[in-house]
Amino acid sequence: MASPSDLLQYVISGATLGSTYGLAGLGFTVIFNTTEIINFAQGEFVMLGGMLAVFAVRWGGLPLAVAVLLAIGLTTLVGVAVDRLTIRPVRGQSVIVLIIITIGVSIVLRGAAMLLFGKDTYPLPGFSGGAPIALLGASLLPQNLWVGGITLCTLVAMKLYFDRTISGKAMLACACDRKAASLMGINVDTMVTLSFALSALVGALGGAILAPITLTSYDVGILLGLKGFAACILGGLGNPFGAVAGGVILGVLESLSAGLISSGYKDAVAFVILLTLLFVRPSGLFGRRAAERV
Amino acid sequence: MGGWPVGGRHLGVAAFAAGLALLPLALPNEYYLTVLIVAGFQAILTLGLNLLMGYAGQVSLGHAAFYGISAYTTGILTARFHWPVPAGIAAGIALVLLVAAGIAVPTLRLKGHYLAMGTLGFGIIVYIILNEATDLTGGPSGLTGIPKLKLAGIAISSDRDFYYVVWGVVLLLFLLAQNLVRSRLGRALRAIHTSETAAAVLGVDTQRYKIGVFILSALYAAVAGALYAHYVTFVSPGSFGFHASVQFVTMVVLGGMGSLWGAVAGAVFLTALPEVLRAIEDYDILLYGGLLILCMMFLPGGLAEGAERLVRAVRLLAAGRPPAASERTR
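Here the protein sequences line up with chains A and B, keeping their order.
For the first sequence, position 189 (counting from the first letter as 1) is numbered 189 according to my numbering, and the numbering increases by one without interruption.
For the second sequence, position 99 (counting from the first letter as 1) is numbered 99 according to my numbering, and the numbering increases by one without interruption.
Isolated chain A (complex conformation):
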């Protein structure tokens, strides 16, 4: 039987991991809300955030903070490029076309990362030292606090963006009704590009803050993307706060099952939850049943 301090440890590491799933889920939500596309390349944005930061430090010798910002900036540009080069030219095509294109994009990004950085696994130094802090018998890394703090700040910033700024509201308007938004003088194309940029930014941020804890490699994107999607479904697709909450719940469940049952199957937990949820409650824990638009 696990002791209470073990359990606390599992919850801490699970919530940290889960924050990243939540940020990936947030990225899915932003793009889904403006375009109704599920972006299968979302996980690759997370991967790029971590890998680019690692290599900005290794190759460029940049200070960590600059490297992380650079990685996030570059990934955001990749997000814009993905929209401009592959999504915009096929706008208005059927869902299957868009799904296949984003799958293609994810494979190309992953392959490019493999070519560029190789197949090894890399560490990124913690943002403020590696000395653990003892907490009720469990140990807490400073990086855990960074992840939690940055995830919360991101959520608040998103909330403010969507509530208080014109472009945030314009993006929400596109989500409600594209045609009406465009009739109101909102440039829908720009909003879609912006949503890709924002989603890449959030994903890369998640990747960069997680890398010091879990290490990173060119192929972490598939699992992170999938878990991000599971987080979205758990929280109700389209609801940003649900996505983050779903991510944290998922991370904690995953870490508990790894600690208490078997670590080999820990990655399966997220998907078993995903499939079960799709079966019993497709609208998510916090979602209302969505009405179908014809």
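Because the hints were derived from the structure by calculation, they are not lab data.
Glycine included, each C-beta is placed from N, C-alpha and C at the ideal position.
A few of these clues could be false.
[As the list claims (entries may be wrong)] Only part of the chain B face toward chain A is listed, based on derived beta-carbon distances under 10 Å: (1) Thr-107; (2) Asn-131; (3) Leu-291.
Position chain B relative to chain A; hints supplied.
Quick look at chain B alone, frame taken from chain A:
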């Protein structure tokens, strides 16, 4: 499609069958036969996946898992528990049908993206199980000692015999798919692809058809997997992961969604290509990604559409008219 004279459909299949029968005689050595046998497994799976993607408009990123479940089930039963081969194959196929039904019912109740994500997750679960359940599957190093295919007491040992068996199955399943597509079911599926709402309004039970075609496509994968296991006599998880699922989707897209000939062509083409381009070995995944994007952007009908356009252009040229650049097929 269309444009075939009456009976042309059967003529096409007959020519295809004759070509298949004669092909081994024209091959310079056994190596090409091996490539063609592997292409046959892929063609079977791709035919099924094409029914799902091309006719029901759904993407599965977990078909390699069905391929794997079937291969492993018959492999384990025949190698470890000494079941006869046909019984092993039957058990593999039955298990896949059960699992496919279990996935289809929850994910297909929802639209569009959910099946793709659900099957992607499912594929990863299966991959993890194949790696972790070491006692049963042999874990990452694989399962050895699977017996060669034996049908009605006759062992299929030579590559040439196996070639005829595999491509015979391809032909059979091709005909099945062709009849299906031209049946009431096929029309219903195409209606769902065009507009699910409209199809439902016209009285098509969209749920049931989508679930049905998903299970059917899993069945194709199961048949391919069972043949694979008893040809290679060794299975390891690496053949059934995400990479493989993507490869199958690429075959369907490249060949042309909604074209059965395209499915076979895509499978053969993409199986043969890495053999020709040895240098790309590690980077073939980049090639798949690039093909997926480019096909969708510039040739959504894949090779099938490309061939059709070519034929049309040649006909127009022969008739003395320049082909209209803006002309769209179908």
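Hint-by-hint comparison with the structure:
no. : hint    : result
1   : Thr-107 : holds, 6 Å
2   : Asn-131 : holds, 8 Å
3   : Leu-291 : holds, 8 Å
Consistency note: the structure conflicts with none of the earlier hints.
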